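Use the sequences and the hints to build the structure in full.
Top line first, the protein sequences correspond to chains A and B. Take 1 as the starting number for the first sequence in this note's numbering and just add one per residue. Take 1 as the starting number for the second sequence in this note's numbering and just add one per residue.
The hints are simulated quantities; they were obtained by calculation from the structure and are not laboratory data. No experiment lies behind these values; they were computed from the predicted model shown. Where is the CB? At the ideal position from N, CA and C, for every residue including glycine. Fair warning: there could be bad hints in the mix.
As the list claims (entries may be wrong) - Derived pair list, reagent style DSBU-like, types lysine-lysine, alpha-carbon separation capped at 35 Å:
(1) A:K31 to A:K98
(2) B:K87 to A:K98
(3) B:K127 to B:K157
(4) B:K134 to B:K100
(5) A:K98 to A:K79
(6) B:K62 to A:K76
(7) A:K46 to A:K111
(8) A:K72 to A:K104
(9) B:K141 to A:K104
(10) A:K93 to A:K82
(11) B:K62 to A:K56
(12) B:K87 to A:K104
(13) B:K103 to A:K111
(14) A:K104 to B:K157
(15) A:K51 to A:K93
(16) A:K98 to B:K141
(17) A:K79 to A:K46
(18) B:K96 to A:K82
(19) B:K103 to B:K141
(20) B:K120 to A:K76
(21) B:K91 to A:K100
(22) A:K100 to B:K104
(23) B:K127 to A:K31
(24) A:K100 to B:K100
(25) A:K111 to A:K100
(26) A:K107 to A:K51
(27) A:K104 to B:K62
(28) A:K131 to A:K56
(29) B:K91 to A:K104
(30) A:K56 to A:K101
(31) B:K141 to A:K56
(32) A:K56 to B:K87
To be verified - Covered, in the sense of this in silico footprint (three residues per stretch, anywhere, with C-beta under 8 Å from a C-beta of chain B), are these stretches of chain A:
(33) 36-44
(34) 109-122
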Amino acid sequence: MIIRLLIPVLFFFSTVASLEAQSVIPELLEKYRIEGASSCMAETGKTLWTKEFKSKDGSMRSCASCHGVNIKETGKHAKSMKLIEAMAQSVNKNRYTKVKKVEKWFKRNCKWTLGRICSVQEKCDYLMFFKES
Amino acid sequence: MKSIIIGPLYFFIFTSVACTNDSRFFSSEGVKPVDNSFYQEECGVCHFAYQSGLLPERSWEKILSGLEDHFGDNAELDQDDIDILFKYLSKNSADKSNFKRSKKIMRSLRGNATPIRVTKVPYILDKHDEIPKKYITDSSKVNSMSNCDSCHTTADKGIFDDDFVILPN
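Here it is, written out as structure tokens:
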């Protein structure tokens with residue numbers, strides 16, 4: 001009797017648990033590979049993370065300028081001083097759950113930091129860095 | 001007997017109407033708090049989510065048309081997202097609002113003035129003109145007048161009264 005009641009309850013909870021937001025990194029990595037990225041590596045992403053680029057106003061910028069060198073830690077926006085949650089997927093499961101959101105931030109932040117949109121290779125390397133840190 | 005009931009009854013009706021937040025009848029304090037989760041998320045992740053009642057519609061339109069260079073940052077969005085944001089902002093902008101501070105903001109703008117910085121609205125400048133720099137720009141905890149919630153502890157509720165201001169230094 002109890003088992004008959006328990007089975008649908010367990011089924012329900014397992015369904016609810018699987019509705020928790022899933023990481024879209026594997027989907028994006030595959031998309032970038034199809035578009036021409038190859039041998040995507042966290043180490044390459046990490047090197048790019050701290051590389052400095054000269055902006056139009058003469059200032060030097062890198063991803064680390066706001067996000068910090070250690071992506072397991074919270075970063076901070078230089079002007080508004082708003083805290084930026086850690087980029088490492090290992091400490092922040094809230095990130096990388098929506099493709100549109102990831103692409104939005106890549107577009108904005110690559111243009112602002114590198115002065116251009118990132119290539120699929122660069123995005124692929126960055127995602128490996130976020131995923132494996 | 002009648003007067004014992006009618007007097008207090010009228011008093012009760014009057015005070016309950018007077019205390020209502022329904023701004024069709026009475027102006028509400030402050031500015032209308034943000035009540036749109038999409039706006040909160042898109043426009044509150046890098047900085048304080050400025051309430052729509054802090055600027056007129058024409059200012060919001062100007063800001064949204066230049067997101068690629070948003071005060072030195074790139075805040076680009078897809079056009080359909082911009083349209084959603086503009087619909088929300090224009091519906092509740094200062095020129096449409098019955099909230100007290102929104103009305104004061106509008107009264108302080110001359111002609112068709114279109115400020116794109118909340119901090120440059122004459123009414124708001126006037127309210128802050130006696131604060132020494134050490135409490136704002138020279139303070140690492142505040143940094144800029146644009147970080148309203150650094151000092152205004154109830155800014156997220158649209159309340160900017162002095163009573164709820166704490167200067168970090």
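Right, here's what the structure says about each hint:
{"no.": "1", "hint": "A:K31 to A:K98", "in the structure": "holds, 14 Å"}
{"no.": "2", "hint": "B:K87 to A:K98", "in the structure": "holds, 24 Å"}
{"no.": "3", "hint": "B:K127 to B:K157", "in the structure": "holds, 19 Å"}
{"no.": "4", "hint": "B:K134 to B:K100", "in the structure": "holds, 30 Å"}
{"no.": "5", "hint": "A:K98 to A:K79", "in the structure": "holds, 27 Å"}
{"no.": "6", "hint": "B:K62 to A:K76", "in the structure": "holds, 27 Å"}
{"no.": "7", "hint": "A:K46 to A:K111", "in the structure": "holds, 18 Å"}
{"no.": "8", "hint": "A:K72 to A:K104", "in the structure": "holds, 21 Å"}
{"no.": "9", "hint": "B:K141 to A:K104", "in the structure": "holds, 29 Å"}
{"no.": "10", "hint": "A:K93 to A:K82", "in the structure": "holds, 20 Å"}
{"no.": "11", "hint": "B:K62 to A:K56", "in the structure": "holds, 23 Å"}
{"no.": "12", "hint": "B:K87 to A:K104", "in the structure": "holds, 21 Å"}
{"no.": "13", "hint": "B:K103 to A:K111", "in the structure": "violated, 38 Å"}
{"no.": "14", "hint": "A:K104 to B:K157", "in the structure": "holds, 29 Å"}
{"no.": "15", "hint": "A:K51 to A:K93", "in the structure": "holds, 26 Å"}
{"no.": "16", "hint": "A:K98 to B:K141", "in the structure": "holds, 33 Å"}
{"no.": "17", "hint": "A:K79 to A:K46", "in the structure": "holds, 24 Å"}
{"no.": "18", "hint": "B:K96 to A:K82", "in the structure": "holds, 30 Å"}
{"no.": "19", "hint": "B:K103 to B:K141", "in the structure": "holds, 30 Å"}
{"no.": "20", "hint": "B:K120 to A:K76", "in the structure": "holds, 25 Å"}
{"no.": "21", "hint": "B:K91 to A:K100", "in the structure": "holds, 26 Å"}
{"no.": "22", "hint": "A:K100 to B:K104", "in the structure": "violated, 39 Å"}
{"no.": "23", "hint": "B:K127 to A:K31", "in the structure": "violated, 52 Å"}
{"no.": "24", "hint": "A:K100 to B:K100", "in the structure": "violated, 38 Å"}
{"no.": "25", "hint": "A:K111 to A:K100", "in the structure": "holds, 17 Å"}
{"no.": "26", "hint": "A:K107 to A:K51", "in the structure": "holds, 18 Å"}
{"no.": "27", "hint": "A:K104 to B:K62", "in the structure": "holds, 21 Å"}
{"no.": "28", "hint": "A:K131 to A:K56", "in the structure": "holds, 31 Å"}
{"no.": "29", "hint": "B:K91 to A:K104", "in the structure": "holds, 26 Å"}
{"no.": "30", "hint": "A:K56 to A:K101", "in the structure": "holds, 26 Å"}
{"no.": "31", "hint": "B:K141 to A:K56", "in the structure": "holds, 28 Å"}
{"no.": "32", "hint": "A:K56 to B:K87", "in the structure": "holds, 33 Å"}
{"no.": "33", "hint": "36-44", "in the structure": "violated (count 0)"}
{"no.": "34", "hint": "109-122", "in the structure": "holds (count 3)"}
When held up to the earlier numbered hints, the structure conflicts with 13, 22, 23, 24, 33 and fits the remainder.
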